[in-house]
Structures are given as structure tokens and as C-alpha cells.
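Visitor: What follows is each chain in one-letter form.
There are 4 protein chains.
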Amino acid sequence: MTPQPAPRTATPEEPLRVAVLGARGRMGSAACTAVEEAPDLELVAALGRGDDLTAVTEAGAEIAIDLTVPSATAENVRWLVEHGIHAVVGTTGWTEETLGALREQLAAADGIGVLIAPNFAIGAVLAMRFAEVAARYYDSAEIIEMHHPNKLDAPSGTARHTAAAIARGRAAAGLGPVPDATEKDPDGARGAVVDGIHVHAVRQQGLVAHEVVQFGGVGEQFVLRHDSFDRVSFMPGVLLGVREVAAHPGLTVGLDGYMDLG
Amino acid sequence: MTPQPAPRTATPEEPLRVAVLGARGRMGSAACTAVEEAPDLELVAALGRGDDLTAVTEAGAEIAIDLTVPSATAENVRWLVEHGIHAVVGTTGWTEETLGALREQLAAADGIGVLIAPNFAIGAVLAMRFAEVAARYYDSAEIIEMHHPNKLDAPSGTARHTAAAIARGRAAAGLGPVPDATEKDPDGARGAVVDGIHVHAVRQQGLVAHEVVQFGGVGEQFVLRHDSFDRVSFMPGVLLGVREVAAHPGLTVGLDGYMDLG
Amino acid sequence: MTPQPAPRTATPEEPLRVAVLGARGRMGSAACTAVEEAPDLELVAALGRGDDLTAVTEAGAEIAIDLTVPSATAENVRWLVEHGIHAVVGTTGWTEETLGALREQLAAADGIGVLIAPNFAIGAVLAMRFAEVAARYYDSAEIIEMHHPNKLDAPSGTARHTAAAIARGRAAAGLGPVPDATEKDPDGARGAVVDGIHVHAVRQQGLVAHEVVQFGGVGEQFVLRHDSFDRVSFMPGVLLGVREVAAHPGLTVGLDGYMDLG
Amino acid sequence: MTPQPAPRTATPEEPLRVAVLGARGRMGSAACTAVEEAPDLELVAALGRGDDLTAVTEAGAEIAIDLTVPSATAENVRWLVEHGIHAVVGTTGWTEETLGALREQLAAADGIGVLIAPNFAIGAVLAMRFAEVAARYYDSAEIIEMHHPNKLDAPSGTARHTAAAIARGRAAAGLGPVPDATEKDPDGARGAVVDGIHVHAVRQQGLVAHEVVQFGGVGEQFVLRHDSFDRVSFMPGVLLGVREVAAHPGLTVGLDGYMDLG
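So the protein sequences, as listed, match chains A, B, C and D. Residue 1 is where the first sequence starts when you use the working numbering, and the numbers rise one by one after that. Residue 1 is where the second sequence starts when you use the working numbering, and the numbers rise one by one after that. Residue 1 is where the third sequence starts when you use the working numbering, and the numbers rise one by one after that. Residue 1 is where the fourth sequence starts when you use the working numbering, and the numbers rise one by one after that.
A portion of the hints provided could be inaccurate.
Said to hold, decoys possible - Per label pair, the in silico range of CB-to-CB distance:
#	chain 1	residue 1	chain 2	residue 2	range
1	C	V208	D	D187	43 to 51 Å
2	B	D153	A	D195	20 to 28 Å
3	D	S71	A	H248	53 to 61 Å
4	B	G100	C	E37	48 to 56 Å
5	B	V193	D	A181	17 to 25 Å
6	B	A173	D	E14	58 to 66 Å
7	A	K184	C	P177	49 to 57 Å
8	C	D187	D	G257	52 to 60 Å
9	A	R26	D	K184	48 to 56 Å
10	D	E14	B	A247	47 to 55 Å
Stated by the list, open to error - Heads up, simulated BS3-like pairs for lysine-lysine below, C-alpha to C-alpha not over 27 Å straight-line:
#	chain 1	residue 1	chain 2	residue 2
11	D	K151	C	K184
12	C	K184	D	K184
13	A	K184	B	K184
Claimed, not checked - Computed footprint of chain D on chain C; a stretch qualifies when at least three of its residues, placed anywhere within it, have a C-beta under 8 Å from a C-beta of chain D:
#	region
14	170-183
15	196-203
16	219-233
Rather than coming from a laboratory, the hints here were simulated on the basis of the structure. Beta carbons: idealized from backbone N, C-alpha and C, even for Gly.
Whole structure, please, built from the sequences with the hints as guidance.
Guide: What follows is the structure, encoded as C-alpha cells:
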């Protein structure tokens, strides 16, 4: 087994050496720019489809960011761990089976960390966590997600995850169903119901990705809102992952595992 | 025919003499309070169910506010016009037939004015009018209405009227359907479609009556929002009607007929 | 020393026995109503100014809610602890000196709990805590508080506390001053600066008490908002205090000490 | 005098022939793209600093968009009118004197139109107009403008113009000062006062240009909000000007002169 680098604090003099896989995609190219602009990181390899992974080890990368495609990511990460390289993964498509195989591999790969995050937007992660906490204290909870009109599915995955988080919070507090006396709603204005929570999807020219979570009690309202105006908003989360992955050996699913949300 | 009072400007010395019909209901009792507190108005009669309408003429009322019930309002207003009393009506239940009969009666009743308003919230009237104008200039338009969880129907009548206003504005500008690439929405998160406009209904403890209208174009958003926190918010509209009705002979439907919305 | 009741879970059969001090004030009378309406609580005494505190023990109260005045609260609570009664206190006016004396008394009063909370609005407590966490992850943070136009001071105490919480979060994350290139602001549009955070105060007819906290990073925004539409919104916090105080012996300052904010 | 083109409706077969002056600036290059992408418009000339204006006539332009600099715009427009070319101007720096000279020139230039617009964001124009109308009906009015943290001045020019519009609306309705009992505001949280209206300026990473106008009455709130997420949001206004300018001979100041805001 290849020896692993000890977790270390990067400095401008000794920046962390980072490779990007999927570097020619939109997210990948944004990640390359973000790594290049960070004083404590150095972009040592940028691979596109078809490029040989050995470029990663040849460049001496300590950490690789995988922003490729569902069909390639599991094999990429297996290779990275095998070669002692930490991985930060934003690609979807992981299954219980591929995750299980990765966990086994990591158990034997002393000190290597892998972060798989479905959502690198720090604000979306905060909204989800805070929603679970706030849900314990309010009678009503409802979600409005808003996206550009080219989105193919409704509601968004983030909204579904948030509904699940709210449902967990309500269950923990022993709350029953949300109050709703609606008897007549011929056209479905009350929206989708996900884990008992009503979810509304707005599609609007000029928007990117937005989520509003509203809680209501007698005489009061509490609102969480996250707006992504641009895909660069995912980069602080990617860089947070890069900086922290070596300090978190084994598999972490979800960026919140690296955040101090106390 | 009874002679009608000429329209006049009320003063604290010579306040307008106002009767309230339906004075023991929630809206009616709020109207009595509002009239009593207005320095230029005087409450001269407050009638509940079963009280004789002659109390209105005996008290010398110039204007009557009808906040009764659908089954009584048309007959009340017929009687008021017959006796030369202007009427401000917030009761629903008017049909094309009863409106037609009233128009005929008013044509012969020189100088008497009747205002029938389905919504006395000035903010809701403004939102509807502004929505029709703004709709001409944006690709996307969507409505979110929010109410207390005891409301029985969804979406609200105000939201339906606003959707119709937006549709008129879009048609006037030659706009086609709103852009929406949604292919997969198994649970109905995209909400109701009213006159081609998506309408979402939120039901939340602690809220009263709220409407948000969102418009979107490339790189921008325009939002109209109206919040009714309390039913007293309808009273400025009722008082506006009372003060203006004598200056608008004949039938006016909708408070916007009395407002300067240029 | 008087023996203390063991913490217990209240049931409709054996409700917690609650006294309210300051029962004729606006908050106190709302608290009486809230206790009466809660199936697991029983209002056994309601004292106004001048009433003798012995009515509390005679009625067999286990817990007292103090919503009196700054000049009376410290002496009331001393007496309650002396008689083995838990106290939930919403009155302001506590000083380091009176808090210190209370702590000493409680150290000797085995098992008695006292909660002193400057703000019983659960949403305000959530907003403050979440603001401190979110502050670690964003370049910019700004506060807008909005109240009715009869409020005498600006900004609100809650906004000041929130600014302090944000400042703590930023310091913990090693963040410097918020970015702000303003060179020309002749009329003070940038608002107050509290602990390095800009705070804006809106005064608007129809509003009650509202707080908006906005965080900004490259390409994204995160917003926390709390709206109190009515003073009944403080009651869930008061009841939470009543239900939990016996399980928290000693002095707790701030409702968040009883909340599960992980 | 050069003969002027009659106003005509452009078609994809016979598009309007458009020149852009200041084509290498950020706004100018966005305008070139917008004209090129519009099926009813044709970009026939794109001039940068130092280029000879005769390129405009040589290319047969009917309309020119001036997005140059304050020191050049008045002379450019004089030349365009002299050569029978309509002008749409987004450059600032016009004075009473230069406007007066232009008006004189246009009086003699039969049929030529010039539009000078300080703000091409349609949403900002709508917000300003609607604010003036709504202001008549509410006790309270307040403005919150929000921009990126690199903005040098506060509050924004748009917010100042909106405050003036609100003041006009309030004056027309006979309203006095906004209610405000603030006695103690040591740090200036109540913001700037412009024409009697409180204006707050937020500076936040990730934002571009946003304006919120809030109106309040007893028990209700009315809100207008405009968000510019990107400078492309100005292009629909520029194109509206280009399409309408030939139908509006003489000088028009402000895009609202071309909009149907009834």
C-alpha cells in the first residue's frame, strides 16, 4: 500500500497539491479556477475525459476533486484511494453497493479520507440542518424552491432532502401532521407532499437555485432562505472539502460532516 | 323618487352620516369601530340580522355599509337605493342577474352611487393592478398565496383574480406561455395552473392573508407582495368607499374604480 | 430547607401546578390564558401588584412565572426559591449583583431551577443561534430589524444581541471586517455599526417585531428571518420554560439553555 | 436637413439597422450581443473610442445606442440628430444646458427621436412608478437598497429617485410626515432621510443591485422589490428604447415615457 500523507495545514509556501478530474466540465473548470486562486492550494493536474489517471500521481497530487460523471466516479475514487490520494467528490450516481465497496477499501487504507457531497453549497447545507432544528418548535413547516425554467424535474433534490430533515425534526419533537383544513383544491395549489411536508416549485426566468423554508406558530413566523445566484457559490464548499479531507480519514457523506454546526 | 343628497366633502363639523348593516358580524363590528373613530364620519345606525331597515332612514343616514350575507344583500341594496341612500357593499353573492337589476334601478335613481367590492384590502387591489402592468414586461410570472391553516379552499379568490390580471397583461403584450421545461413532477410541486399562470398555496399557522407575485426576466426579478396581518386592514378600503361613493353615481364594481392608479 | 419536588413529566391527570406573578399586565394575562389552555398545566394562582406571595404556596404551586417589574422580580424570585418553587422569569432588570446572590442561594437549594430569559420568542432565540453558526461561513453579514412606529429606541435589543453573536462567529472563524467600499454616505444610509456589523432599523405602521439577518458570499445569499405578529408568540417559549425548569436545577440565563439546538 | 426615416415596425426580413457607440465598454458590448440576438434588429456598426462617427451613416444605421462617456455623449447625439439618426442614450452626464440645446435641435429636426434614460432596468422603472401610486394609500413608507460591497456611494441614485417619487405621492394625497416615535438612536440605525423617507443601504458580497420598498398601514404591508442579478437585465430596456424611439419624435427623458404604465 502506498504511504499516506499526514494531515497538514497548507500554507502559501507549501500549498496543498490538488488535481481536478472532469476539469473541462462547467463545475470542473470553475473548480480549477477556484483552486488556482486560493493561496494555500496549487493546481497540479487537470484531467478531462479520456486522460490517464497516472497524471495525478505523476504530478504529486495529495488530493483529487472528482467532478466527472456517474459512470466514471466510483472507479476513479477506487483508483485514487489505492494510490494514497484523498478525494473530494461532487459527482452523483453512488449506490449503496459502490459506497459499501469504498468503505471496505478505506478501512484498509490507513488515513485516507473521501468526502462525497451531493451539494457543495454551504448555504443549502446550513438551511437543511437549521430546518431540522427549527422544525421541533413550530406547528407548520412548508418549502418553496425556485429555479430557472430549464430545470427538468420538480421538486429539487435539495427540497426533498430538506423535507426529510423537517420530518425528522418533527418526529423527534413528537409533532403530528401539519395543520391544514383544505377541503377544496381542484387544481393542486397545495403542491407536492414529501414526507408529510408541502413543497412548492417555482420556475422563473432569471433565477438560478433558491430555497425558502417557512415555519409558523401562533402569532409568529420563522424563515430560512438560501439563494445561489451563480455556480461559483459551490466553490467555497469544494475548497472547504479539499482543506479538511485529510483530517477526516474514512468515508464522509455530506459536507456537513466537515462543518462546525453546533 | 326620494331626493338624493348632493356629493359633499365631510368635515368634523358636518360628518357623513353612516349606517352599518350586518353590524354584529366580525367585519361589521370592525366597520362600526372604524366609522366611529373617523373624525369626518358619524355612525348613526348599526343593524343586525332581523332589524328593520327603516332604522336607516329614521337615523338620517346618507350612506350605508352592507356587510351582511349573500341571501340578504341584493334586497338590502334595492331598498337603500329606493330610499336615496348610497351603498358600500362588501358582501359576496351577487350574480349577473342581481347586478343587472341594480344597474337598471340606478339608471333611474339620479345621483345615487353603489360600490360593490369583493376585496376591500387596498394592497390587494394595488397588487392586482400592478401585476397586470408588470406582466407585459417579463417572461415569467408566478403567484404564491399564503393563509392561515383553517382556510378551506385553495387557491384564494384573490390569487385567481391576480392570475387572470396577469394573463390579460401578457395577452396585451403578445406574450406566449411562460417558459417551463418541467418533464418530471410526480407529486404536483408546480402547483395549480390558473389562466396559464402557476399558483401555489401555502397554509401556515400564524399567518392571516398574504400574496406574493413574482416576475422574472433574464438577469432580473420583480416582486409584488401584500400582507394582511389583521382584518382591520380592510377598513381603510371601506372608509375610502364611504367617502367617495356619493361622488360616483351608478354602479361601480371593484374598489379600484375609486382609486387613482395612474 | 423546604423539600423540593422531583422533576416530573406532567400529564392531563396530574398537571403541573403553576402560579403567575404580574398576572394583570399584558404579558402576565397572556401567560394566564396560555397556562389555562395547556392540558398538562394548571393555573393555581394569579397574583397582581400588592397581592401576598403566600397565595403561591397556599395554592400548592410547583412553578411560578414572574412577569412583574424590575423593582420586584429579584425579591420575588428569592422568596420562591426559599419556598422550594421553581421560577420562570421574563422580567428585565437583573444585575450582576442580583444574579450572583441568586446563584448562591440556588447552590444551597438542592434541585430548584430558575430560568431568566430576556426573550421568550423561540424564533428570536433560533435566529440568534443560527446567525452565530452561519457567520463563520460568509464574507458579509448585515441585520435589518423592523418594528411598529411607536418603538422609542433603535436598534432593538434583539438586533444588538444578534450582532454580537455574528461577531463571535466571525471571530471564531478568523474573519476580518466585512467588505465595504463605501466612500460617500452623507446621510448615514449604511446605518448603525454594532460590534462591526451594520444594523438597520425600519419603523412601519402595521408591523410588530421582525428581524432579518442576511449573509453573503460570492454568488450566494443566506437569510434568517423571524416575524412576531402578536405577543402571543412569546407564550410557547414561556410554556417550554415551565415544562423544563424542574429538570434544570440552578440558574439558567437564556431560553436557549433549555432548547436542543444541536 | 437630412430626411428622416418614417417610424416603422421592424421584421426579421427588414430588421431595424442599429449602431452601438461605446461598443467596447461592458454595457456597450452587452448591447451589441443583445442587438445581434434580436431577430428584428441588425447590428450594422459597433464603434469604440476614437472611431469616426461617419461609420454610422456609412453603415446605413437608422438608430444609434450611445453608451459612451459623459464627456462625449452630448456631442455624439448632436451629430446623430444632425444626420437624421434616432438615438437611445444610457450615458450619464447630461446637464440642463446640454438637454436644452438638444431640445432646440430636435424641434427643427422633424421626426427624429432621442431617448435619454438614466436607468434601463424595466423593473426599477416599474418600482418607482408603482411606489408613487402606492404611497398615496399608506401611513408608512421606507426603502432598503442592497448592492455589492464595491459600490462607493450610499444610498443609490435609484433609491434617491424612489424616495422623491414616494414624497410626491404622499404630497398628492395630503399625507404628513411618516410616523416615527424614535427618541434614542445613538448609532444611526434609522438610516438616511431623503425627502422625508428613511433609506437604508445594505452592502453584501454576492449581491448586484436590489431595491425593496415597504409600505405599511394598520394591519397590513405592501412591498415592491426589484432584483438585478446581472447587467444583462438592462438589455430589455435598451431594446425597448430602440424599437420605440422612432415613434416618439423629440426628446424623452426616462424609459417610462415609452412604457404603458396605466
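Visitor: Next, verify each hint and record whether it holds.
Guide: Cross-check of the supplied hints:
1. C:V208 x D:D187: 43 to 51 Å: 23 Å, violated
2. B:D153 x A:D195: 20 to 28 Å: 25 Å, holds
3. D:S71 x A:H248: 53 to 61 Å: For H248 (chain A) against S71 (chain D), whose Cβ atoms are near 58 Å apart, the range 53 to 61 Å holds.
4. B:G100 x C:E37: 48 to 56 Å: At roughly 50 Å between Cβ atoms, E37 (chain C) and G100 (chain B) fall inside 48 to 56 Å, so the hint holds.
5. B:V193 x D:A181: 17 to 25 Å: 47 Å, violated
6. B:A173 x D:E14: 58 to 66 Å: Check failed, 22 Å falls outside 58 to 66 Å.
7. A:K184 x C:P177: 49 to 57 Å: 55 Å Cβ-Cβ, so the 49 to 57 Å window holds.
8. C:D187 x D:G257: 52 to 60 Å: 29 Å, violated
9. A:R26 x D:K184: 48 to 56 Å: Holds - the Cβ-Cβ distance for R26 (chain A) and K184 (chain D), about 52 Å, lies within 48 to 56 Å.
10. D:E14 x B:A247: 47 to 55 Å: This hint holds: roughly 51 Å between Cβ atoms.
11. D:K151 x C:K184: Holds, at roughly 10 Å.
12. C:K184 x D:K184: 25 Å, holds
13. A:K184 x B:K184: 25 Å, holds
14. 170-183: Check passed, 6 qualifying residues.
15. 196-203: Coverage by chain D holds here, the residue count being 6 at a Cβ distance below 8 Å.
16. 219-233: Since three or more residues must qualify, the claim that chain D covers the region 219-233 of chain C holds, with 3 doing so at under 8 Å.
Hint violations for this structure: numbers 1, 5, 6 and 8, all remaining hints satisfied.
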